Amino acid sequence: MSKVFTKKNILLFVVIAAIYALLFTLDGMGFFNRQTRALLVPICINIILAVSLNLIVGFLGELTLGHAGFMSVGAYTGCMFTIYADLPMAVEFPLAMLIGGVVAAVFGVIIGIPALRLRGDYLAIVTLAFGEIIRSILNNLSLVGGSGGLNGIPKYSNYAIAYVVMIVTIVVIANLVKSRHGRAICSIRDNVIASESMGIPVVYYKLLAFVVAAFFAGVAGVLYGHNLGILKPSTFDFNKSIEILVMVVMGGMGSIPGSIIAAFLITVLPELLRGLADYRMLIYAVVLIVMMLLNNNARFNEFKTHIFAKKARRQGAGLTEGGE
Amino acid sequence: MALLEVTNLGISFGGLRAVDDFSVSIEKGALYGLIGPNGAGKTTVFYMLTGVYQPTVGTFALDGENLTGKTPLEISHKGIARTFQNIRLFNKMTVLDNVKIGLHNHVKYNVLDGIMRLPAYFRDEQKLNEDAKRLLEVFDLYGEKDYLASNLPYGKQRKLEIARALATAPKLLLLDEPAAGMNPNETAELMDTIRFVRDEFDMTILLIEHDMKLVSGICEEITVLNFGQVLAQGKPAEVLSDPKVIVAYLGE
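Residue numbers (our numbering), protein chains in the order written: chain A, 1 to 324; chain B, 1 to 252.
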């Protein structure tokens with residue numbers, strides 16, 4: 001067990017705790033205004049979404065456009081649970097996240113099955129359709145409020161809970177990727193024919209990636225619902241899926257620290273630029289384009305690897321480093 | 001009994017009979033060559049033996065067990081490993097991880113062990129690292145273990161592919177044109193490697209090759225295919241001086 005308490009892990013833990021303590025004291029000192037405070041939970045939620053989508057897009061190498069679908073399935077089931085269950089918050093909320101995650105994971109299997117037969121653009125279209133189907137169903141289902149939205153969700157989410165769930169997500173996915181199962185998932189991305197001839201059960205690992213990613217998207221959805229107190233089907237449209245995908249691509253596919261940074265920036269940037277009113281979306285777009293260009297620049301990547309990891313040639317530039 | 005027993009194997013694509021009545025029996029520990037002009041059906045035979053194509057007629061058995069109709073995954077688990085004519089490494093993974101993929105089924109820790117980093121994870125990963133190290137050292141690749149596979153020079157990529165295939169602990173190793181794209185020096189080195197693999201790992205090897213020097217240099221027995229049919233079978237010296245074979249390769 002001594003390997004759990006390595007210097008690196010202890011340092012990582014200290015960093016994680018320090019960031020939390022910093023948030024807490026800053027908040028206690030009244031440093032955050034209402035807008036900034038309202039951003040904390042969405043930042044955590046978006047990081048969960050981006051890191052989980054990265055498992056499919058970056059590590060399994062399949063393009064999906066339905067991540068908002070998984071999120072909405074989890075959000076609605078989790079929120080329905082807290083509305084109807086009459087339990088204390090400390091029991092109810094974790095249970096709601098678990099239930100939301102599990103139901104989303106079931107949908108992960110359902111959408112993962114076509115993923116066994118389809119690749120690339122075709123899979124992207126199928127998952128896109130999946131997200132839209134979910135949204136249309138929610139729009140017309142009076143049980144969950146239809147297009148008017150689901151109201152009266154208790155506002156359980158706060159940044160302490162969101163932060164812990166985010167850390168758990170990052171640790172789980174980073175550990176998964178570095179295990180033999182994660183290696184198998186990466187081998188499918190690199191060469192599926194060779195992977196199969198090496199005795200890797202491709203079907204199982206594709207489904208595993210979809211299930212794990214969908215689970216965490218569902219959990220993020222539950223957090224989201226309990227943060228706003230209301231859920232609307234229109235939130236989970238195509239644009240939301242694209243937004244998550246942009247975070248993954250901008251951070252670099254197959255890089256977990258990259259996803260974290262990109263999710264943070266993409267959540268914060270529109271708010272930071274609010275003062276510039278008219279030019280806000282323009283600057284936002286320019287930043288995205290510049291980031292994409294930089295990500296494809298060999299010299300910038302070298303610089304990045306240099307900063308993030310000592311093992312310079314390793315893939316993904318050191319997956320758990322910078323897991324804050 | 002022979003390790004690999006192929007009986008009257010044949011496959012048709014529509015009206016085209018790509019391989020017809022192909023029979024061969026390979027003893028354990030043999031170094032067997034499969035040669036023939038372009039389009040003779042050599043690679044198709046490999047595809048059938050690894051389950052990618054299902055043969056239309058005939059059967060093949062490994063160690064007495066009939067493997068006809070099995071999927072590539074099942075056949076890999078039964079002990080046939082292969083390399084590819086156009087190298088298929090896991091390019092964005094390190095050299096070490098490439099070999100560890102080959103070793104994937106040698107340890108059994110489950111997803112939870114991996115995510116929670118339970119003791120089984122550390123125990124099994126250490127075993128994997130040791131096994132991979134041993135294999136990479138044999139092929140003189142351990143110094144490059146942290147390189148991405150795509151950054152290796154060509155000759156070393158070929159070696160890594162062989163190391164990765166051996167990592168699955170196969171009974172039979174299929175090499176698809178291992179010398180393709182190599183210069184004479186690299187080919188000579190490759191011949192040593194193949195011979196070494198056979199002796200060191202007590203491996204049975206079936207290889208497809210165009211390079212006659214390599215084939216006559218290391219194979220103990222060969223089969224010549226032409227237009228999907230077996231043209232000749234036997235010791236390299238006899239087969240290569242067979243007039244039918246010379247005609248097939250050089251024309252009349």
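Calculated directly from the structure, the hints in this document are not laboratory data.
Bear in mind the structure is a predicted one, so any value in this text is a computation, not a measurement.
You may find that some hints are simply not true.
[Claimed, not checked] Listed below are the simulated DSS-like cross-link pairs for lysine-lysine, each with C-alpha atoms no more than 30 Å apart in a straight line:
#1 B:133 <-> B:235
#2 B:70 <-> B:171
#3 B:127 <-> B:171
#4 B:92 <-> A:304
#5 A:240 <-> A:8
#6 B:70 <-> A:8
#7 A:232 <-> A:304
#8 A:8 <-> B:171
#9 A:8 <-> B:133
#10 A:178 <-> B:28
#11 B:156 <-> A:304
#12 A:7 <-> B:127
#13 B:156 <-> A:8
#14 A:7 <-> B:78
[Claimed, not checked] Where chain B lies over chain A, by a calculated footprint (3+ residues, C-beta under 8 Å):
#15 48-56
#16 182-193
#17 227-233
Here a beta-carbon is modelled for each residue, glycine too, at the ideal position from N, C-alpha and C.
For each hint, the structure was consulted:
Restraint check for residue 133 (chain B) and residue 235 (chain B): the C-alpha separation of about 37 Å exceeds 30 Å, so the hint is violated. Between residue 70 (chain B) and residue 171 (chain B) the alpha-carbon distance is near 17 Å, which keeps this suggested pair within the 30 Å criterion. Of the pairs offered as hints, the one joining residue 127 (chain B) and residue 171 (chain B) holds, with about 21 Å between alpha carbons and a cut-off of 30 Å not exceeded. For the hint linking residue 92 (chain B) to residue 304 (chain A), the alpha-carbon distance of about 17 Å falls within 30 Å, and the restraint holds.
For a cut-off of 30 Å, the pair hint linking residue 240 (chain A) to residue 8 (chain A) is broken: about 35 Å separates their Cα positions. Proposed proximity of residue 70 (chain B) and residue 8 (chain A) is contradicted: the alpha carbons are some 46 Å apart, above 30 Å. As the CA atoms of residue 232 (chain A) and residue 304 (chain A) are separated by approximately 39 Å, the hinted pair breaks the 30 Å bound. Under the criterion of a C-alpha separation no larger than 30 Å, the hint pairing residue 8 (chain A) with residue 171 (chain B) is inconsistent with the structure, at around 42 Å.
Of the pairs offered as hints, the one joining residue 8 (chain A) and residue 133 (chain B) holds, with about 24 Å between alpha carbons and a cut-off of 30 Å not exceeded. As the CA atoms of residue 178 (chain A) and residue 28 (chain B) are separated by approximately 37 Å, the hinted pair breaks the 30 Å bound. Taking the CA atoms of residue 156 (chain B) and residue 304 (chain A), the gap is near 28 Å; set against the 30 Å cutoff, the hint holds. Of the pairs offered as hints, the one joining residue 7 (chain A) and residue 127 (chain B) holds, with about 23 Å between alpha carbons and a cut-off of 30 Å not exceeded.
Under the criterion of a C-alpha separation no larger than 30 Å, the hint pairing residue 156 (chain B) with residue 8 (chain A) is inconsistent with the structure, at around 33 Å. Proximity of residue 7 (chain A) to residue 78 (chain B) is assessed by CA-CA distance (about 43 Å); at most 30 Å being required, the pair is judged violated. By the rule of at least three residues with a Cβ nearer than 8 Å to a Cβ of chain B, the coverage given for the segment 48-56 of chain A is violated, with 0 such residues. For a cut-off of 8 Å, the count of residues in the segment 182-193 of chain A with a CB near a CB of chain B stands at 9, and the three-residue condition holds.
Here's how the segment 227-233 of chain A fares: 0 of its residues keep a CB closer than 8 Å to some CB of chain B, so the rule of at least three is not met and the hint is violated.
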